[in-house]
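Asker: Each chain, letter by letter, is given below.
Number of protein chains: 2
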Amino acid sequence: MDLKIPFTGQKRLVIIGGGFGGIEIAKELKDQDIQIVMLDKNNYHTFQPLLYQVATGGLEPGSIAYPLRKFMQEIPNGIFRMAEVTHIDTDTQKINTDIGDLHYDYLVIATGSKTNFFQFPADVSGKMMEMKDIPQALNLRSYILESFEEALLTYDETKKEELINIAIVGGGPTGVELAGALGEMRKNILPKDYPELDFRKMQIHLFEAGPRLLAAMHPENSDKALKYVKDFGVNVWLNTMVTGYNGQEINLSNGKIVRSGTVIWTAGVKGNPIAGLPETAKAGGNRILVDEFCRVKDTENIFAVGDVACMIQDKFPKGHPMVAPVAIQQGDLVAKNILLLMKGKDAKPFVYFDKGAMATVGRNKAVMESKGMKMGGFIAWLAWLFVHVMTLVGFRNKLTVTMGWLYNYFTYDRTLRLIIRPSKRKDD
Amino acid sequence: MDLKIPFTGQKRLVIIGGGFGGIEIAKELKDQDIQIVMLDKNNYHTFQPLLYQVATGGLEPGSIAYPLRKFMQEIPNGIFRMAEVTHIDTDTQKINTDIGDLHYDYLVIATGSKTNFFQFPADVSGKMMEMKDIPQALNLRSYILESFEEALLTYDETKKEELINIAIVGGGPTGVELAGALGEMRKNILPKDYPELDFRKMQIHLFEAGPRLLAAMHPENSDKALKYVKDFGVNVWLNTMVTGYNGQEINLSNGKIVRSGTVIWTAGVKGNPIAGLPETAKAGGNRILVDEFCRVKDTENIFAVGDVACMIQDKFPKGHPMVAPVAIQQGDLVAKNILLLMKGKDAKPFVYFDKGAMATVGRNKAVMESKGMKMGGFIAWLAWLFVHVMTLVGFRNKLTVTMGWLYNYFTYDRTLRLIIRPSKRKDD
Chain A
65 MDLKIPFTGQ
75 KRLVIIGGGF
85 GGIEIAKELK
95 DQDIQIVMLD
105 KNNYHTFQPL
115 LYQVATGGLE
125 PGSIAYPLRK
135 FMQEIPNGIF
145 RMAEVTHIDT
155 DTQKINTDIG
165 DLHYDYLVIA
175 TGSKTNFFQF
185 PADVSGKMME
195 MKDIPQALNL
205 RSYILESFEE
215 ALLTYDETKK
225 EELINIAIVG
235 GGPTGVELAG
245 ALGEMRKNIL
255 PKDYPELDFR
265 KMQIHLFEAG
275 PRLLAAMHPE
285 NSDKALKYVK
295 DFGVNVWLNT
305 MVTGYNGQEI
315 NLSNGKIVRS
325 GTVIWTAGVK
335 GNPIAGLPET
345 AKAGGNRILV
355 DEFCRVKDTE
365 NIFAVGDVAC
375 MIQDKFPKGH
385 PMVAPVAIQQ
395 GDLVAKNILL
405 LMKGKDAKPF
415 VYFDKGAMAT
425 VGRNKAVMES
435 KGMKMGGFIA
445 WLAWLFVHVM
455 TLVGFRNKLT
465 VTMGWLYNYF
475 TYDRTLRLII
485 RPSKRKDD
Chain B
65 MDLKIPFTGQ
75 KRLVIIGGGF
85 GGIEIAKELK
95 DQDIQIVMLD
105 KNNYHTFQPL
115 LYQVATGGLE
125 PGSIAYPLRK
135 FMQEIPNGIF
145 RMAEVTHIDT
155 DTQKINTDIG
165 DLHYDYLVIA
175 TGSKTNFFQF
185 PADVSGKMME
195 MKDIPQALNL
205 RSYILESFEE
215 ALLTYDETKK
225 EELINIAIVG
235 GGPTGVELAG
245 ALGEMRKNIL
255 PKDYPELDFR
265 KMQIHLFEAG
275 PRLLAAMHPE
285 NSDKALKYVK
295 DFGVNVWLNT
305 MVTGYNGQEI
315 NLSNGKIVRS
325 GTVIWTAGVK
335 GNPIAGLPET
345 AKAGGNRILV
355 DEFCRVKDTE
365 NIFAVGDVAC
375 MIQDKFPKGH
385 PMVAPVAIQQ
395 GDLVAKNILL
405 LMKGKDAKPF
415 VYFDKGAMAT
425 VGRNKAVMES
435 KGMKMGGFIA
445 WLAWLFVHVM
455 TLVGFRNKLT
465 VTMGWLYNYF
475 TYDRTLRLII
485 RPSKRKDD
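So the protein lines, in turn, are chains A and B. Counting in this note's numbering, the first sequence runs from 65 upward without gaps. Counting in this note's numbering, the second sequence runs from 65 upward without gaps.
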C-alpha cells in the first residue's frame, strides 16, 4: 500500500530521521522547489547530549525533546509522518515503512546510532541499562529510584549493596557526565531522601577499557576529568573491561568481581542502517559507507549523514566521530549537494570543521578544548552550559532548561524524582 | 514478613495515601511525639486538578507531581515507604502490604478515589480512557496524538472522522476543563501541526446526563460555562447518557449514535477503600463510613479522610463533595483528633468550611463562586490561575507551572506534544 502523501509535482526528498542531521537538511531546503518528506519513528527530535540529565532527574523530557510537527511548521514544502522505515528498494526508488510505501527522488538516511553491546549475548546485555533515547532515560531514572526503595526493605547487606551501587561502563563523555551527575546526587540529594540508607556504602563505578577517560580529548583534559569524577567519589577503573554480568555481579578483565544491580552501558554505539542498500556500502560498526559527497556508495541519489554514515577521509580512516557537529555539517552539505545535483552541477566534498569537544562533570566542573586551546573548571562549565542551551531546538526548551538548571544549581536539588511508568491504553 | 521500619518507642501513625488529606496530616503532626509512616503506591504526590493540562500537553508531569520523599524531609518523625496496602486486620492492628506487614497504633485511610464506570462491563469501559493519575494523563496525551497521526494515513472518511473526534463523558469540572482545553487546541495548535487535516470536521463532544454542566455550582455559572465551551466549538449534549460504546460508536440515551475513537470518561468516581474494615463501615460509592470525628465506623483508632471517606451530616446526606478542600480540612481535623485522643481528651467534630468552587474553560474564561458571590470571565480565570498555583506543593512546581502558563498564554502554544510510552527495563 502506498503511503498517503500529497503529490506536488516537485521532486521528492525523503529524510529518514529527525535528529541533528535530518532537521538541518530540512531547514536548509525549506524555501527550495523540492518536496521534503521527513520520517521518524518518534514525533519529536531528541537532544541526546542531555539525556543523562533526564535520567538523573535534573530535566524533564519535554525540555530536551522538540515536537517534529512544530519544527515542520517552518518548512512550507515539508510533510511529516511518524513511521519506521524497514527497507529501501534502490531499483524502484521506493522505501517500505510500517505505514506504507513511498517513492523518493532523493533519499537521506539520518537514522543515527544505537547501543552496541559488542560480544555480549542478549541474556547478558538484556540485564544492562541503555540511555540512547527518552524512554530509556526515563526508564533508567525510575529503575534507579526503585532500587533505592527496595534497598530500604532488606536486612541482607549483600542484597542492599547490590541495590544501591551503580556501575557505568564506558569512560566517554556520556559515561563521565553520568558519573558526575550521580556523584552529585549521592552527595546532595539521596542522603536527604533516604536518611535510613548509609550512602557512604554506595559505590559508583566507572569502567573504561582504555588507559584514560575521554579518549577523544587531550590527555591533560582526561587527567582533569579523572580528578573531577574522583572528587565526586566515583571509583574509576581504567584499563578495565567488563567481561560478564549476571544481574548482580560484574566480571572484570582483571579477574575482580564488583557487585551492582544497576549497570549502565555507555561503552559503544553502532550505526542504525536500513536494509536494501548495496553490500558494498557496508562499513564497520554497522555504518553506511559514503563518499566525500555523503552519497551512499554505489548509489546515485541516496545520502547518509551523521552517526550512521562512515566517510573515510585522510584524517579519519575509520570515519568521523559520531557527534552532533558532524551530523549538522554533513546535513548542511547534503542540502547544498542536492540543490547542485538538481541543477546538473557537481557536488561538493565534505570538509569537517572540528569545533572542539567538551564534557561536564557535575557541578561547576567541565573540560573543553578547541583549536589547541584547553580549559577546565568553572569557566569551562559555564561554556558547556551556554553551548548546550544555545544548541537546543526551540525557545521554550532553551528557557525551561535554563530555568531548571538555575533552580537545581541554587537549591542543590533535582526534584524530578518521580517513578512513572506509563501504561498501555487502559490502566491496570 | 514484617516491614522494616525503625522502632522509636513512639506510638505509630500509619497514613495510607500521600494525596491532599494524607500530606496535611503529616504536616500537622510533624513536631509531635508520634512516629508517622506514610505509605503510597507512588513515590509522588499528584496535584489532580491539573491532570487535564498534562493530558493536553500544557504542563509536564513533573510540574504537578511532588516527590513524597522530598516532602517527608520536612517531617523529622516521618518515614516513607512506596507500598500498596492490600488488607487491614483491625484485631491485631496490622496492615498487609505488597512489601510486608506493619503494626499501627493509629491508622488513616487517605486513598482517594478512582474512576467509576457504573454499569459498564469491563469490555466496554476498557475501551474508554481515564484521567485520574499521571500515567493515565500521559497515556491520554499520547493516544490523542497517535490518533491524529493515524488519521493522516487513511483515505476512508468514516475512519478519519473516528480518529479525529473526541468525546468526553461527564459535565463536571474535569469534563468541562478538558473540553475547553481541547477546544483551544483544535483552534490554535492542531491546524498548524496537521495542515493536511480539516479540523472543521473534528467534533469535540461533551455528554452530561443531567440538565446542566457543573451541577455542583450555581445555575448561572452553569449557563456561563455552557456558553464558554460552546464558544470553543464543543458540542454539548445535556440530559444525555452514554449507554454503550464499541470503540467506534457511542450509543446515547436519546437513541442517537455518535462516532469517536476516543472516549474520555469523567462521569464518576468511587472510593478506593481497603479490605478488612467492618461491614458496617461500607457506604455508597465504595466509600468508607466515618463518624463526625472522621473515625471509621465501629473502629477505635482508624480514620478516613477525603474522597474515600463518607461522613453523613445534615447538609451532606450523601457525604461531602469529593474535592481537595474537604480532604485537607479533614486531614487537619484528624491530626488534631489524634493528638487529643493521645492526651485522653475528646475528639472534635468536623465542620466543613466551604470556600466555594471554580472551573476554567480554556483561555481567559472561568467561573467561580464563593459565599454567595458569583463571577465569570477573565477575572475569574486569573483567580483560578492564582488559586491553583498557590495550592501546588513546592516552590519549583509553582514556578514551572507559572512559567509554563505564561509561555503557553503568550505563544498560543502547547509544545509538550510528545508521544512517549516508556518501556520496561530493557528497551526493544
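You may find that some hints are simply not true.
Pairs of lysine-lysine residues, derived as PhoX-like cross-links and limited to a Cα-Cα distance of at most 25 Å, are as follows [claimed, not checked]:
#1 A:K68 to B:K291
#2 A:K105 to B:K223
#3 B:K291 to B:K265
#4 A:K224 to B:K224
#5 A:K68 to B:K224
#6 A:K75 to B:K191
#7 B:K158 to B:K191
Read the hints as simulated data drawn from the structure, not as lab findings. Only a predicted model underlies this, so the values are computations on that prediction, with no experimental measurement involved.
Asker: Holds or violated: B:K158 with B:K191, Cα cutoff 25 Å?
Answerer: Violated, because 38 Å separates the two Cα atoms, which is more than 25 Å.
Asker: Hinted pair, alpha-carbon criterion (25 Å max): A:K75, B:K191. Please report holds or violated.
Answerer: 43 Å, violated
Asker: Take a quick look at whether A:K68 and B:K224 sit within 25 Å of each other, Cα to Cα.
Answerer: 13 Å, holds
Asker: Is the straight-line distance between the alpha-carbon of A:K105 and that of B:K223 25 Å or less?
Answerer: 23 Å, holds
Asker: Are A:K224 and B:K224 close enough, with their CA atoms no more than 25 Å apart?
Answerer: 53 Å, violated
Asker: Does B:K291 sit within 25 Å of A:K68, going by the straight-line distance between their CA atoms?
Answerer: 39 Å, violated
Asker: Given the hint that B:K291 pairs with B:K265, test it: the Cα-Cα distance must not exceed 25 Å.
Answerer: 21 Å, holds
Hint compliance for this structure: hints 1, 4, 6, 7 are broken, all remaining hints hold.
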